[in-house]
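Undergrad: According to our numbering, numbering within the sequence shown proceeds without interruption in unit steps and concludes at 372.
The hints are simulated quantities; they were obtained by calculation from the structure and are not laboratory data.
One or more hints might be untrue.
Just the calculated beta-carbon pair ranges, DEER-fashion [unchecked claim]:
1) F328 - E356: 18 to 28 Å
2) F334 - C312: 14 to 24 Å
3) E310 - L370: 30 to 40 Å
4) E367 - E319: 27 to 37 Å
5) K371 - E310: 15 to 25 Å
6) E310 - E372: 32 to 42 Å
7) R309 - E372: 26 to 36 Å
8) K302 - E356: 14 to 24 Å
9) E356 - K325: 12 to 22 Å
10) G340 - E319: 28 to 38 Å
11) K371 - R309: 16 to 26 Å
12) E332 - E364: 14 to 24 Å
13) K325 - I353: 13 to 23 Å
14) V318 - L365: 29 to 39 Å
Subject to a maximum C-alpha distance of 30 Å in a straight line, what follows is the list of computed DSBU-like cross-link-like pairs (lysine-lysine) [claimed, not checked]:
15) K302 - K327
16) K327 - K371
17) K371 - K302
18) K335 - K302
19) K371 - K335
20) K369 - K316
21) K325 - K371
22) K316 - K371
Even for Gly, the Cβ is constructed at its ideal location relative to N, Cα and C.
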Amino acid sequence: MKIKICAQRESCCYEKGVEAYNIVKEKFPDIEIFKSDCLGVCKAVVAEIDGEIYSELTTESLIELIEDKLKE
C-alpha cells in the first residue's frame, strides 16, 4: 500500500496534512506514507491510497480507512 497525504506548504491543507501525516506514519510505520503536493481537493485531510483520492477526511477517518484497506 502506498499513501500520499496532501501537505503542500502555504496551502489550506498544510497544517491538517502534516498533523495527519505524523500521526498516521507513527501508527503504520511499515506502510509507504509520503507528504504530497496538492492532490486537488482542499480544506480537509486529503490522501491518495494506491492511486485513489480520498477527501474530506479527518486523521481518525484516515486511520480507519487504512485499517479497512489492510483487511482487504
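Undergrad: Between the beta carbons of K371 and E310, is the distance compatible with 15 to 25 Å?
TA: 37 Å, violated
Undergrad: Lying within 27 to 37 Å: is that true of the beta-carbon distance E367 to E319?
TA: 18 Å, violated
Undergrad: I want to verify a distance hint. Is the separation of the beta carbons of R309 and E372 within 26 to 36 Å?
TA: 33 Å, holds
Undergrad: Taking the Cβ atom of V318 and the Cβ atom of L365, is their distance within the range 29 to 39 Å?
TA: Check failed, 18 Å falls outside 29 to 39 Å.
Undergrad: A range of 13 to 23 Å was offered for this pair. Does it hold for the Cβ distance of K325 and I353?
TA: 19 Å, holds
Undergrad: If you draw a straight line from the CA of K371 to the CA of K335, is it 30 Å or shorter?
TA: This hinted pair holds, its Cα atoms lying about 24 Å apart.
Undergrad: Has the given pair, K325 with K371, been kept, meaning a C-alpha gap of at most 30 Å?
TA: 18 Å, holds
Undergrad: Need the status of pair K316, K371: alpha-carbon distance at most 30 Å?
TA: Cα-Cα ~26 Å, so holds.
Undergrad: Does K327 lie within 30 Å of K302 when you go C-alpha to C-alpha?
TA: Holds: K302 and K327 sit about 15 Å apart, inside 30 Å.
Undergrad: A range of 14 to 24 Å was offered for this pair. Does it hold for the Cβ distance of K302 and E356?
TA: 21 Å, holds
Undergrad: Take the C-beta atom of E310 and the C-beta atom of L370, compute their distance, and say whether it sits inside 30 to 40 Å.
TA: For E310 and L370 the Cβ distance comes to about 33 Å; the hint holds.
Undergrad: Is it true that the CA of K327 sits at most 30 Å from the CA of K371?
TA: Measuring from Cα to Cα gives roughly 16 Å; hence the hint holds.
When each numbered hint is compared with the structure, violations occur for hints 4, 5, 10, 11, 14.
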